[in-house]
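Asks: Listed here are the chains, written in short residue letters.
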Amino acid sequence: MNPSPPQDRPQPRSLSDLFISFTLLALQGFGGVLAVVQHELVDRKRWLSREEFIEDWAVAQIMPGPNVVNLSMMIGSRYFGLPGALAALAGMLVFPMMVVLLMALAYSQFADNPGVAGALRGMSAVAAGLIIATGIKLIAALNRHPLGKPACLLLAALCFGAVALLHWPLLFVLAGLGTLACVLTWQRLKP
Amino acid sequence: MMLHMHPADWLDLFVHYLSLSLLAVGGAITTAPDMHRYLVDQQHWMSDSQFNSSITLAQAAPGPNVLFIALMGWQVGINAGSFAAALLGVAITMTGILLPSATLTYMASRWGHQNRDLRAVRAFKQGMAPVVIGLILATGWLMSSAHGKSIANWPLWLATAITAVIVWKTRIHLLWLLALGGVLGWFGWI
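If you read the sequences in order, they're chains A and B.
Residue numbering for the first sequence follows my numbering, starting at 1 and increasing by one per position.
Residue numbering for the second sequence follows my numbering, starting at 1001 and increasing by one per position.
Derived from the structure by calculation, the hints contain no laboratory data.
Just so it is clear, the structure is predicted and the values come from calculations on it, not from any experiment.
Some hints could be false.
Only pairs whose alpha carbons sit at most 25 Å apart, straight line, appear in this in silico DMTMM-like list of lysine to aspartate or glutamate [claimed, not checked]: (1) A:K149 - A:D8; (2) B:K1169 - A:E52; (3) B:K1169 - A:D17; (4) A:K190 - A:E52; (5) A:K149 - A:E52; (6) A:K190 - B:D1117; (7) A:K149 - A:D112; (8) A:K45 - A:D17; (9) A:K149 - B:D1041.
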């Protein structure tokens, strides 16, 4: 069910390839890096399939710590072990941190500019659309799910309703719906 | 604001962030309320508005949102009076928040990869898939809701909807869309 990547699949060539790739991903990630990671690594570079991306994202989400940082380490370690994890982690953090600190230095001079505030508002509207498109694209990965697509869509809709509309705490939703989904899947999988 | 940070204070800051690290399930932002209690109310190391602008700036900047924590360490150091202290603050807060969670995630994902054929591991990873998709869509919805539900904000909702369709249906580079959103916002059109 979870085959190791086939040999003809594109892969990061080296640690510096990983570092540079994640640096570029992170620097494009206004309002969150998730959409960029999915778009670049799954749709463009094809290092991961949609199914693998969702599985990794599930683990990254469950583990404590920043999700995209967890995800970058997991992807890095998949190809190059601990050095790969550290290269991806550094790519995710080093240059973006310099940028954010420079922004902090400049902030006091531009904070009152209405153009800057407007530009941030426009970019955050686009960023929200990027995330929604990421979710829509990943629905295709449910086609071959052991529970069948209708049950999967129902679980996804329940999760959406609980978090987006009812504002339930993430921890409860993951513990409740997540456990239910995993138990049902476990029953369907052959031992 | 002028602080006198002693080595014991820096150590206290480090230990506090270490202790928050493993509690940050669902992202570092979930621990922000506790950071506010610690940095602003208890230690008086930064003002309320400095705390809030750290979060806002990090969300406006490229990169993972966890960088708001770097900005908090930076702000404590600036309040202590020097750029060297600010850099020390960044190193302390970021190492503190990342070291435990990154170590745990690394070990857990290695274990999961080595045992990927176990029925329980497969059930967990595949079972979580629909829930994860629901969560991603919810994240996008919550970010859109920050536009405000007022009818006057319909151009922002429209921009979000059009972006979602374009990204779903095409392989356009995401930066073009972000730049376009920034330009439209700059001129006050959305």
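Asks: Against each hint, give a clear statement of whether it holds in the structure.
Replies: Against the structure, the hints:
Using a Cα cut-off of 25 Å, the hinted pair K149 of chain A and D8 of chain A is violated, with the two alpha carbons roughly 29 Å apart. For the given pair, K1169 of chain B sits about 21 Å from E52 of chain A by alpha-carbon distance, which is consistent with the 25 Å threshold. Distance hint between K1169 of chain B and D17 of chain A is unfulfilled; the C-alpha atoms sit about 28 Å from each other, more than 25 Å. The straight-line distance between the Cα atoms of K190 of chain A and E52 of chain A is roughly 20 Å, inside the 25 Å bound, and the hint therefore holds.
Among the hinted pairs, K149 of chain A with E52 of chain A is consistent with the structure: their alpha-carbon atoms are about 17 Å apart, no more than 25 Å. About 11 Å separates the Cα atoms of K190 of chain A and D1117 of chain B, which keeps this hinted pair within 25 Å; it holds. Pair hint K149 of chain A plus D112 of chain A does not hold up; C-alpha atoms about 49 Å apart against a cutoff of 25 Å. A C-alpha spacing of about 12 Å is found between K45 of chain A and D17 of chain A, which places the hinted pair at or below 25 Å, so the restraint holds.
As the CA atoms of K149 of chain A and D1041 of chain B are separated by approximately 49 Å, the hinted pair breaks the 25 Å bound.
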